[in-house]
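Order-wise, the sequence lines are chains A and B.
Oh and the first sequence: position 207 is 207 in this note's numbering, straight run, nothing missing.
Add 235 to a position in the second sequence, counting from 1, and you land on the number used in this note's numbering.
FYI, nobody ran anything at the bench for these hints, they're computed from the structure.
Quick caveat: nothing in here was measured; it's all calculated off a predicted structure.
Each residue gets a CB set at the ideal place from its N, CA and C atoms; glycine is no exception.
Some hints here could point you the wrong way.
Computed list of lysine-lysine pairs in DSSO-like fashion (alpha-carbon distance at most 30 Å, straight line) [claimed, not checked]:
id, chain 1, residue 1, chain 2, residue 2
1, A, 179, A, 18
2, A, 72, B, 323
3, A, 229, A, 18
4, A, 72, B, 327
5, A, 152, B, 406
6, B, 409, A, 107
7, A, 154, B, 409
8, A, 152, B, 409
9, A, 200, A, 212
10, A, 126, A, 152
The following residues of chain A were derived to be distant from chain B, with all beta-carbon distances above 10 Å [as the list claims (entries may be wrong)]:
id, residue
11, 18
12, 59
13, 95
14, 99
15, 103
16, 110
17, 125
18, 172
19, 178
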Amino acid sequence: MLIIKDIHTFYGHIEALKGVTLEISEGEIVTLVGSNGAGKSTTLMSVCGISPPRTGDIHFMGIPIHNLPPHKIASLGICQVPEGRHIFPHLTVAENLDMGAFLRNDKRQVRRDVEYVFELFPVLAKRKKQSGGTLSGGEQQMLAISRAIMAKPKLLLLDEPSLGLSPLVVRQIFNIIFKINEDSRTTIFLVEQNANLALKIAHRGYVMENGKVTIADSAGNLVRNEEVKKAYLGI
Amino acid sequence: MDYFLELFLGGLTRGSIYALIALGYTMVYGIIQLINFAHGEIYMIGAFTALIVISVLMSTGMNPVAVILIAGFVAVIYSCAYGFTLEKIAYKPLRNAPRLSALISAIGMSLFLQNYVLLAQTCDFLPFPNLIPDFECIEPFAHIIGSTDVVILVTTAVVMIILTILIRYTKIGKAMRATSQDRVMASLMGIDVNTVISFTFILGSATAAIGGVLIASHIGMINFYIGFIAGIKAFVAAVLGGIGSLPGAVLGGFVLGWTESFATGYISSDYEDVFAFLFLVLILIFKPSGILGRSEQSKV
Numbered sequence: 001m002l003i004i005k006d007i008h009t010f011y012g013h014i015e016a017l018k019g020v021t022l023e024i025s026e027g028e029i030v031t032l033v034g035s036n037g038a039g040k041s042t043t044l045m046s047v048c049g050i051s052p053p054r055t056g057d058i059h060f061m062g063i064p065i066h067n068l069p070p071h072k073i074a075s076l077g078i079c080q081v082p083e084g085r086h087i088f089p090h091l092t093v094a095e096n097l098d099m100g101a102f103l104r105n106d107k108r109q110v111r112r113d114v115e116y117v118f119e120l121f122p123v124l125a126k127r128k129k130q131s132g133g134t135l136s137g138g139e140q141q142m143l144a145i146s147r148a149i150m151a152k153p154k155l156l157l158l159d160e161p162s163l164g165l166s167p168l169v170v171r172q173i174f175n176i177i178f179k180i181n182e183d184s185r186t187t188i189f190l191v192e193q194n195a196n197l198a199l200k201i202a203h204r205g206y207v208m209e210n211g212k213v214t215i216a217d218s219a220g221n222l223v224r225n226e227e228v229k230k231a232y233l234g235i
Numbered sequence: 236m237d238y239f240l241e242l243f244l245g246g247l248t249r250g251s252i253y254a255l256i257a258l259g260y261t262m263v264y265g266i267i268q269l270i271n272f273a274h275g276e277i278y279m280i281g282a283f284t285a286l287i288v289i290s291v292l293m294s295t296g297m298n299p300v301a302v303i304l305i306a307g308f309v310a311v312i313y314s315c316a317y318g319f320t321l322e323k324i325a326y327k328p329l330r331n332a333p334r335l336s337a338l339i340s341a342i343g344m345s346l347f348l349q350n351y352v353l354l355a356q357t358c359d360f361l362p363f364p365n366l367i368p369d370f371e372c373i374e375p376f377a378h379i380i381g382s383t384d385v386v387i388l389v390t391t392a393v394v395m396i397i398l399t400i401l402i403r404y405t406k407i408g409k410a411m412r413a414t415s416q417d418r419v420m421a422s423l424m425g426i427d428v429n430t431v432i433s434f435t436f437i438l439g440s441a442t443a444a445i446g447g448v449l450i451a452s453h454i455g456m457i458n459f460y461i462g463f464i465a466g467i468k469a470f471v472a473a474v475l476g477g478i479g480s481l482p483g484a485v486l487g488g489f490v491l492g493w494t495e496s497f498a499t500g501y502i503s504s505d506y507e508d509v510f511a512f513l514f515l516v517l518i519l520i521f522k523p524s525g526i527l528g529r530s531e532q533s534k535v
């Protein structure tokens with residue numbers, strides 16, 4: 001579904017991605033783990049077109065997307081929940097959800113999907129008329145994920161959904177991520193520093209170091225991998 | 236009491252024009268955090284375009300009301316084209332540059348447009364005919380308000396209602412609000428940010444052109460420099476109300492209009508500008524985010 005082939009992405013003169021190659025098939029949860037500054041978020045930003053790669057190819061369902069602007073990539077069915085959540089602070093919860101469905105025209109189905117995300121996160125239903133900026137961190141993360149669900153993406157990119165949240169909320173959010181994948185066969189590409197958690201719900205994983213993918217394996221094998229254990233799982 | 240009412244309504248008229256121009260400043264600032272210093276020039280170009288169209292059409296002996304409507308329409312189209320091109324030439328290439336670069340580019344465009352009209356037209360004041368008819372129904376109030384004032388007030392109100400509906404309920408309006416709050420996220424949601432920015436410039440230019448035609452009809456003459464003064468005043472209005480806020484721009488316009496009107500009426504017309512700018516200084520000292528502005532709150 002998504003094929004990233006040898007991409008090099010730069011921030012000014014700094015080469016953040018030094019030839020990243022990876023692949024995601026339909027229906028999978030694939031995780032990308034690695035330490036701070038390894039290039040995980042940059043990989044997502046390259047896929048989305050916010051920081052397009054200088055060289056290399058990215059294909060999504062056979063379409064080359066490495067030269068497309070972000071809104072075109074979004075219209076193909078890729079949606080990102082960026083690190084830091086990026087809720088529209090002065091729009092209400094309902095309006096934020098509405099923005100997620102910006103590209104959709106099937107009003108009735110959109111309304112049904114709003115009900116669906118309120119079922120997933122009942123607290124959002126209570127906060128419907130509150131502006132996004134007034135929500136707590138956990139609620140904002142729920143809203144960010146809900147907003148992405150509203151876009152009905154074929155591929156959902158999640159960047160550090162556990163960052164700065166209490167363990168309880170993190171568990172809730174990871175359960176939902178798993179559920180989204182189960183319910184609608186949405187393909188998920190999950191970037192996470194908390195490798196323990198990520199590998200628990202993922203089918204496959206990649207390990208990144210210094211702008212390069214160093215290990216690629218099934219989630220089960222990665223959990224047992226001595227190197228991964230030592231560096232990322234803290235065992 | 237009549238004198239007070241006259242000043243009050245005069246201030247309201249004046250304030251409406253400031254509000255119309257300030258809306259453009261505040262919308263552009265909201266979207267790309269740029270003070271578009273060339274915005275006043277767009278207003279001036281609107282007035283000049285209207286004058287040219289009026290001159291041509293009047294010679295055909297057309298009905299004056301039709302003439303001013305057509306002239307206003309052409310002025311809006313022309314100004315929109317200028318506003319659109321301005322953004323593409325002077326600001327878009329600097330989108331990711333430091334903010335100061337875009338600001339300098341804006342000042343440059345302002346000077347360029349002034350001198351371009353100076354060369355293409357003239358440096359003298361040109362008479363601008365007032366084609367707005369006298370309404371009989373306001374005859375009893377003629378000592379406090381004129382027909383032109385009424386037209387200005389009504390037009391401003393209509394423009395504001397349309398703008399509010401556009402921004403609150405339409406798709407492009409929602410896209411504008413999202414873009415102004417988080418540009419990267421807006422593009423991730425599938426919003427074409429470039430289109431939104433262009434649209435914002437077009438919208439601002441249209442309201443400025445309407446303001447230009449109205450005030451030119453009211454005052455009765457124009458030259459290449461009117462955009463500069465009006466632009467600065469409208470900028471003050473936008474900052475007064477809280478830059479980035481649409482209701483703020485309107486409120487700021489009215490407050491500024493009243494300040495000037497009352498200062499002129501009760502103190503001296505020499506002090507009109509002094510009071511306008513004194514107000515700006517006071518606001519910047521005591522409430523830098525403006526009357527309705529929201530102070531930037533960032534959460535880590």
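Hints and how they fare:
{"no.": "1", "hint": "179(A) - 18(A)", "verdict": "34 Å, violated"}
{"no.": "2", "hint": "72(A) - 323(B)", "verdict": "20 Å, holds"}
{"no.": "3", "hint": "229(A) - 18(A)", "verdict": "24 Å, holds"}
{"no.": "4", "hint": "72(A) - 327(B)", "verdict": "19 Å, holds"}
{"no.": "5", "hint": "152(A) - 406(B)", "verdict": "18 Å, holds"}
{"no.": "6", "hint": "409(B) - 107(A)", "verdict": "16 Å, holds"}
{"no.": "7", "hint": "154(A) - 409(B)", "verdict": "24 Å, holds"}
{"no.": "8", "hint": "152(A) - 409(B)", "verdict": "19 Å, holds"}
{"no.": "9", "hint": "200(A) - 212(A)", "verdict": "23 Å, holds"}
{"no.": "10", "hint": "126(A) - 152(A)", "verdict": "23 Å, holds"}
{"no.": "11", "hint": "18", "verdict": "23 Å, holds"}
{"no.": "12", "hint": "59", "verdict": "19 Å, holds"}
{"no.": "13", "hint": "95", "verdict": "8 Å, violated"}
{"no.": "14", "hint": "99", "verdict": "5 Å, violated"}
{"no.": "15", "hint": "103", "verdict": "4 Å, violated"}
{"no.": "16", "hint": "110", "verdict": "13 Å, holds"}
{"no.": "17", "hint": "125", "verdict": "21 Å, holds"}
{"no.": "18", "hint": "172", "verdict": "21 Å, holds"}
{"no.": "19", "hint": "178", "verdict": "23 Å, holds"}
Checked against the numbered hints given earlier, the structure breaks hints 1, 13, 14, 15 and satisfies all the rest.
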